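Since the structure of chain X is provided, determine the placement of chain D on it from the hints.
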Amino acid sequence: MLRTVEISETTMADDLTPAQPDDAPGALDADLSALLADPAMWETPDPAGADALVAAIAADRGDGATPHTEKAHPPAPAPVVEIGAYRRRLAPILAGAAAIVVLLAGALIVAVVDGDDVSDGVLIALSGTDLAPDAAAEADIADTPIGTRILLDVTDLPPAEDGTYYEAWLRQSAEVGVSAGTFHMRGGDGEIELWAGVTLDDYPLITVTLQQEDGGAASSGAVVLRGSAG
Amino acid sequence: MSPGADGDPPAPSDLVGRFCAGDEDAVREVYERYAGAVSTVARSVVGSGALADEVVQETFVKAWRAASTFDANRDLAPWLYTIARRTAIDTLRRERRPTTGGHVPEVEVAIEAPAFETTFQQFEVRRALDDLPDGEREVVRLSHLVGLSHPEIAERLGVPVGTVKSRSARAHRRLAAVLAHLGPARSDNS
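Which chain is which? The protein sequence lines are X and D, in order.
To convert, count from 1 in the first sequence and add 193; that's the numbering used here.
To convert, count from 1 in the second sequence and add 1; that's the numbering used here.
Do not rely on the hints blindly, as some may be mistaken.
Which stretches of chain D does chain X cover? Using the computed rule of at least three CB atoms under 8 angstroms from a CB of chain X, they are [to be verified]:
id	stretch
1	30 to 40
2	44 to 50
3	54 to 63
4	121 to 127
5	139 to 150
Residues from chain X shown here face chain D by an in silico Cβ test under 7 angstroms; the list is partial [unchecked claim]:
id	residue
6	A227
7	A245
8	V371
9	T375
Just so you know, the hints here were simulated from the structure itself, not pulled from any lab data.
It should be emphasised that the depicted structure is a prediction, and the values quoted were computed from it without experimental measurement.
From the three backbone atoms N, C-alpha and C, an ideal C-beta is built for every residue, glycine too.
This is chain X alone, in the form it adopts within the complex (with noise of 0.2 angstroms):
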C-alpha cells in the first residue's frame, strides 16, 4: 500500500539541492514517485469526451431508457431496434397488455407444467470452470408447450457478489445464445427453475456466466459451470 508522503520542509530553503525529481518532495514514498513518473497519469482524456457522453446518454434516453429504470435484458443475441416515436405512445398500452399477458401466462405454466404436455427431462451434468472449480450442477431439461424448463440443481457456487449475478444460457455457440434467466446463490445451493424460448435441440450448450450488474444484457463471457447435451 502507498504510505504516507513525507515533506521535507528544508525543501523550499535548500536551493543547492540536487535539481532531480525527488528533490522537491524532499522524502516522496518511493511507491507515490512511480506513480507520478508514469505517463498514464498524465494522460489527458479525449477532449471530445464530454461531448459525447452528453450526446451517448441523449441518445439513451431517446430509446425510451430513463436513468431510474433499470434495463431490461433482453435475450442476449437479440438486436437493438431503435423504438420509434409511434412505438412510444404505444407504449402504456403494450405495457397494460403485457401485464395481462404475464397473469395469464403464469396460469398457463401452472396448467401445462401439472399435465401431461411435459416431455421427459434430459439430465445434463454441469461442471465448473477455472472461475469456480469446485462448484457442479445437474439441469433437467424439458419441452414443454410453452417453452424449456430448465430445473438446476446447483452446488458449490459462491453466491454472486454485490453487483454481480449469475446467468444461464442455451448457446448453439460462442456467439449464439439466448438467456434463460438470472440467479444469485445468496442463500446457499439450491434448484433454480429456468426457462427458455428456444429448445434443447437447436440449442444444446448450456453455460452459467457471472454477469456484472452493469454490464449490459450482453455475455460477459465469464463462464463458471459449462455442460452439453450432445
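Chain D only, in chain X's frame:
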C-alpha cells in the same frame, strides 16, 4: 472528494441528482471532475489509445444508467472507480475473446489486470493531481514525468527558480495531505 481525504469535499448531492436526471451541465461537470482519474484506471488496464477512451465513455454512461441505485449522500468517486475498473476489465476480456469459431461455449479469457489496490492508488493519485492548481501540477509533471531539474523547469516556464521551488513544495504538501488515507499515518517523531 477523496474518501477520507482532508479538505476534499464530496461531490454535492445536488450534482449527483442532476447527473442522474441527465442534466447536461451536471454530466459535463462530473465528467470534468473524474474523467482524468477514470482515464488513468482505463489506461492502466487496457493500455493507451482508443480502447481506453472507449472505457472512459462507457464508464460514465454506465454510471448514469445506474445512478438511481447510488446514494446521493455518498462520495461519487469510489463508485465511479469501481465501475471504471470493471468496465476496463470487461472490455479487455471482450477484446481478447474469439469472435469466430466452432460450436463451443464462450471461452473464459484469463485477464491479468493490475490489482484492485494498485488501480485504486492510481485513481486517487490522479484525482489529487487534477485538484492541484495548474501551476503546481505542471511543476510536478515536469519534475516527475519529464525529469527536469528546478532550474530547467524555471527556464521552461519562464519563472524564477524560487517560484518553482515554492510551487513544488506546496504541491507535494497538498499531495501528502490528500493522499494520507492511502497509507498508515506516519508519526512526526518517528
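Open item on the list: Hint compliance check: list the failing hint numbers for this structure, sorted ascending.
Closed with: Result: hints 6, 8 and 9 break, sorted rising.
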